[in-house]
Amino acid sequence: MNVRQLMLQTLNLGLIITSALIIWKSLILWTGSESPVVVVLSGSMEPAYYRGDILFLTMGRRPVRVGEVVVFNIEGRDIPIVHRVVKVHERRPGARDEEVEILTKACPTPPGGDANYGNDYEGQLYADGQRWLNRNHIMGRVIGFLPSVGRVTIIMNDQPIVKYLLIGVLAIFVLTSKE
Amino acid sequence: MHNLLYRSNALFTVSTTVLGVMCLLTALTDLTHRPNVRLDASVRSVDGLQRDYGDDRAWLSIKLDLDLRDLFTWNTKQVFVYALAEWATPRNHVNQAMVWSRIVQQPRGARVKEVVRIEYPYALTDQGVNLRGREYNLTVAWETTPVVGALHKGGRQLGGLRLPDDYFRSANVPRGHWRG
Amino acid sequence: MDFKGQKLAEQLCLYIILAAGALAFATGWYQGSFAAMMKVYGGGVAVAMLACVPDWPYFNKQPQSWLPSQKEALASARPMQAAR
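Residue numbers (UniProt numbering), protein chains in the order written: chain V, 1 to 179; chain A, 1 to 180; chain S, 1 to 84.
Hint data in this document are derived by calculation from the structure and do not stem from the laboratory.
Among the clues, some could well be false.
Unchecked claim - When the alpha-carbon atoms are kept at most 20 Å apart in a straight line, the in silico EDC-like pairs for lysine to aspartate or glutamate are as follows:
| id | chain 1 | residue 1 | chain 2 | residue 2 |
| --- | --- | --- | --- | --- |
| 1 | A | Lys63 | A | Glu86 |
| 2 | A | Lys77 | V | Asp158 |
| 3 | A | Lys153 | V | Glu46 |
| 4 | S | Lys71 | S | Glu10 |
Unchecked claim - Label-pair ranges, simulated between beta-carbon atoms:
| id | chain 1 | residue 1 | chain 2 | residue 2 | range |
| --- | --- | --- | --- | --- | --- |
| 5 | V | Ile155 | A | His93 | 44 to 50 Å |
| 6 | V | Pro63 | A | Thr17 | 38 to 44 Å |
| 7 | V | Asn157 | A | Tyr6 | 15 to 21 Å |
| 8 | V | Ser19 | A | Glu114 | 50 to 56 Å |
Beta carbons are placed, not taken as given, at the ideal position from N, Cα and C, and that holds for glycine.
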């Protein structure tokens with residue numbers, strides 16, 4: 001394969017990658033959420049959401065209310081968490097501390113379930129000294145659901161070698177294909 | 001050249017595309033579904049109003065008569081039904097607290113005809129001591145988790161409720177701690 | 001697999017999977033079960049895989065008639081030159 005062909009293949013690859021990025025960024029703008037598609041990584045919302053399920057999020061300007069399922073970040077934790085909102089205390093707009101304080105909790109398990117039962121503050125899920133969530137911790141609320149498709153990413157998270165192998169194999173295929 | 005790998009790849013591509021279309025169609029079937037549910041609730045009694053470490057807390061008994069069976073379609077994985085109380089105070093213009101919830105996975109569990117009390121882990125707590133004589137709403141709501149597709153929700157609000165003007169407690173309500 | 005066979009394989013693959021999808025969706029809809037739909041579809045994909053991917057005899061029914069190779073052509077042309 002000569003230099004020109006190699007350059008063409010590289011450009012093709014670049015085009016694919018940038019198209020994907022454009023779609024992702026547009027989704028972020030459209031939904032107002034910094035991560036509009038997430039994979040469920042913990043089992044705390046069972047039996048509704050299992051590890052590997054895909055959630056579609058939106059943020060928008062509507063206020064966070066009790067009953068919504070939200071995905072949020074905690075300082076010091078690298079993975080986002082999916083729980084349901086059980087308490088909201090929203091300050092009067094224009095007040096000096098104009099924040100929404102939200103308490104969340106995992107899906108209540110059926111009677112006889114395990115310790116994922118109290119709210120997240122009691123379960124010591126928040127950062128040290130944090131009693132409530134604020135709106136800026138929240139990545140989005142769940143509006144759509146797709147089962148199991150994300151299990152691949154969980155495998156890739158648990159065994160990073162699979163991730164590198166897959167990307168390597170894909171790159172080889174794209175660079176050596178004649179299309 | 002047309003070899004085994006090529007055919008396998010083509011098969012995989014076609015089958016996953018068709019699978020995607022099927023999931024999309026399944027999700028779309030939800031659009032034609034107009035559920036007819038019954039959400040009747042009333043506050044049977046206020047069992048206690050205490051001050052606990054600087055925050056007011058109320059205990060209620062709520063009479064529920066719910067029929068959510070019509071929410072279940074072939075695309076329904078579970079229904080989450082809950083009750084919440086909502087009130088406004090000088091400090092916070094919106095306060096909401098979930099006071100009861102249940103996960104329903106089968107249509108036969110979708111009829112709830114009972115009296116429930118606010119129990120751990122739920123509590124009707126204020127940020128401050130503003131609950132005496134406070135007006136509040138009670139909302140009963142549901143949210144469906146589909147097998148694939150969009151989540152749906154609905155609810156009904158019962159307004160015009162008011163908490164008592166003074167602290168009190170009935171026998172099964174724990175005494176609050178006044179310091180703090 | 002000959003060329004006509006390749007085309008047959010591609011078409012077969014497409015139609016079997018489309019049919020499996022339609023059948024699966026209808027089954028799931030009438031049974032009211034998403035699981036039923038997935039099972040029927042899985043079976044359909046397996047059938048398609050079995051029918052299209054291996055090199056079955058019915059894909060080789062119309063082999064290409066290639067021209068004879070260069071060596072053979074030269075060997076049959078040489079007697080004419082010697083006769084001149």
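Each hint, compared with the structure:
Straight-line distance between C-alpha atoms of lysine 63 of chain A and glutamate 86 of chain A comes to about 17 Å, which keeps the hinted pair within the 20 Å bound. The suggested pairing of lysine 77 of chain A with aspartate 158 of chain V is violated, with an alpha-carbon distance near 27 Å, which exceeds 20 Å. Distance hint between lysine 153 of chain A and glutamate 46 of chain V is fulfilled; the C-alpha atoms sit about 19 Å from each other, no more than 20 Å. At most 20 Å may separate the alpha-carbon atoms for a hinted pair to count; lysine 71 of chain S and glutamate 10 of chain S exceed this at roughly 36 Å.
Our hint of 44 to 50 Å for isoleucine 155 of chain V and histidine 93 of chain A holds, since their Cβ atoms are close to 46 Å apart. About 39 Å separates the C-beta atoms of proline 63 of chain V and threonine 17 of chain A, a value consistent with the hinted range of 38 to 44 Å. Distance hint check for asparagine 157 of chain V and tyrosine 6 of chain A: the Cβ-Cβ separation is about 31 Å, which falls outside the suggested range of 15 to 21 Å. For serine 19 of chain V paired with glutamate 114 of chain A, a C-beta distance near 55 Å keeps the hint of 50 to 56 Å intact.
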